[in-house]
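Engineer: If you want the building blocks of each chain, they are given just below.
There are 2 protein chains.
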Amino acid sequence: MNDRPLILITNDDGVSAKGLKELTEVMRLFGNVVVVAPDTHRSGMSNAITVDHPIRIKKTIDEPGYQVYKCSGTPVDCVKLAMNQLLDKKPDFVVSGINHGSNSSISVVYSGTMGGAIEGCIHNIPSIGFSLNDYDPEADFSRAKIYVARVFQQVAENGLPPFVCLNVNIPKGDIRGIQVCKQTAGKWVEEFEKRTDPHTRDYYWMAGYFENHEEDVPGTDIHALEGGFVSVVPVNADMTCYQTFETMKSWRF
Amino acid sequence: MNDRPLILITNDDGVSAKGLKELTEVMRLFGNVVVVAPDTHRSGMSNAITVDHPIRIKKTIDEPGYQVYKCSGTPVDCVKLAMNQLLDKKPDFVVSGINHGSNSSISVVYSGTMGGAIEGCIHNIPSIGFSLNDYDPEADFSRAKIYVARVFQQVAENGLPPFVCLNVNIPKGDIRGIQVCKQTAGKWVEEFEKRTDPHTRDYYWMAGYFENHEEDVPGTDIHALEGGFVSVVPVNADMTCYQTFETMKSWRF
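As you go down the protein sequences, you meet chains C and W in turn.
Be aware that the first sequence starts at 108, since it is given in this note's numbering, and climbs by one per residue.
Be aware that the second sequence starts at 108, since it is given in this note's numbering, and climbs by one per residue.
Keep in mind that the hints were calculated from the coordinates and are not lab data.
It is possible that part of the hints are untrue.
No copy is singled out in the list; a pair is fine if it fits within one copy or between any two copies.
Below, in silico cross-link-like pairs of lysine to any residue (SDA-like), each with a Cα-Cα straight-line distance of 20 Å or less [claimed, not checked]: (1) Lys-356 / Phe-336; (2) Lys-128 / Tyr-316; (3) Lys-301 / Leu-194; (4) Lys-177 / Glu-300; (5) Lys-294 / Tyr-242; (6) Lys-197 / Pro-161; (7) Lys-301 / Pro-171.
Owing to the predicted nature of the structure, the values given are computational and were not obtained by experimental measurement.
With the sequences and hints as input, model every part of the structure.
Structural biologist: Right, here's the structure in full:
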């Protein structure tokens, strides 16, 4: 099985998540698979790395063409450790997910799933983050998996430019097709819930809602999802805003 | 002091860091200041948010026009909590830093300092992340502060487009001026150090080095820093790679 492509899989819902198992099932059709995933839930971890304490890893499955490791670090740590310590060669693809819940619009910035995919493309590996718009831990991935395979095949065939990965979000329920989109402008409005513990000290739970600044705008990822389409946003790890160069020409430092 | 602008400050080195105190000193020249910073070192936290456990905050300084809070969360949590729970009005500016150590090139993606600044611009507040290219906890910020003031004044005068903040890196030693730059293409090559604990279990420390893919290329932030210039990179929280739309037109989903 050594001529098959090597596919590195991670996620942010943790090694036991259903979405990870479903993604692994699809990817094993296409190549040899190594899963390196957090040992627990690491949602909202973005591109965070662990610098202040050591990381542990443990192999839990070791079959020909299929290994699974659980890791105490973030999704980005998983990708870095895989490439530096666990794999014999550079992976041909990095895929992350399938996340339980959408990572459309500005959520790309906070998402650990996308953190894993972005890390892949920084190393010039074609990389994709997959998310299903359904937070249920027992969500039905059967329709989603068809589109995971379809997007993966296109990436395998066409490649991706360096520093660019894909943020793929899949609607719940029936799917009408695939649309290449831009990241919807919008933000999370944080409505923290303030509580008091038994020792009379206050604490806060994050509990926000999403505010869409491009409601009903065709070409945005949320518009695609609302119409029943899989949204595919090419995501750039070069965060330079080149347009702003123009407006800054008049600045007098 | 109520007609003065309200400036929200955060960082990722924690509320006790020298760089935070130096930044606060500069910002108090320009407006009323509220500091909301992590209670401990949160480097490498990127845009991470705390969703799995509650967040605590404690006010440590309360003077007219100047308050300080320490927070158990990430830099992004600090900005979100400040806006939602601690401030009477939306801040006029969000500034983050001064980080002990550079956040040039791809480090923008992992940096908690930049996480704080990016969060500000998502809320359409002119926001800047400042970093000094010196990891010493007792680093000399005296020259850096002049340029912090200069960049801040230009942002105050000209504003910034929505979803765009500035990543400002300041060289150690003498400074020759300011350059508007692009993010240098490059990556961290991870050289994890594997160790064994007294119970014979392995663990790994992250210990990478930087690989520059645009060595000596004028217009990149590292080139500016190496020449003794302050680098100013406009950073886009819209991560869509619009150029890739073209190449994806030929894809057959």
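Engineer: Evaluate Lys-128 and Tyr-316 at a C-alpha cut-off of 20 Å and name the case that applies: within, between, both or neither.
Structural biologist: neither (29 Å within a copy, 34 Å between copies)
Engineer: At most 20 Å between alpha carbons: which applies to Lys-301 and Pro-171, within, between, both or neither?
Structural biologist: Classified as neither: same-chain Cα gap 51 Å, cross-chain 25 Å, threshold 20 Å.
Engineer: At most 20 Å between CA atoms: does that hold for Lys-197 and Pro-161 within a copy, between copies, both, or neither?
Structural biologist: The answer is neither: 23 Å in one copy and 39 Å across copies each exceed 20 Å.
Engineer: At most 20 Å between CA atoms: does that hold for Lys-356 and Phe-336 within a copy, between copies, both, or neither?
Structural biologist: between (40 Å within a copy, 17 Å between copies)
Engineer: Within a copy, between copies, both or neither: which one fits Lys-294 and Tyr-242 at a CA-CA cutoff of 20 Å?
Structural biologist: Answer is within: at 19 Å inside a copy they meet the 20 Å cutoff, but 33 Å across does not.
Engineer: Are the CA atoms of Lys-177 and Glu-300 at most 20 Å apart within a copy, between copies, both, or neither?
Structural biologist: between (33 Å within a copy, 18 Å between copies)
Engineer: Regarding Lys-301 and Leu-194, is the shortest C-alpha distance of 20 Å or less found within a copy, between copies, in both, or in neither?
Structural biologist: Close across copies (15 Å), not inside one copy (45 Å); limit 20 Å.
Checked against the numbered hints listed earlier, the structure breaks hints 2, 6, 7; every other hint is satisfied.
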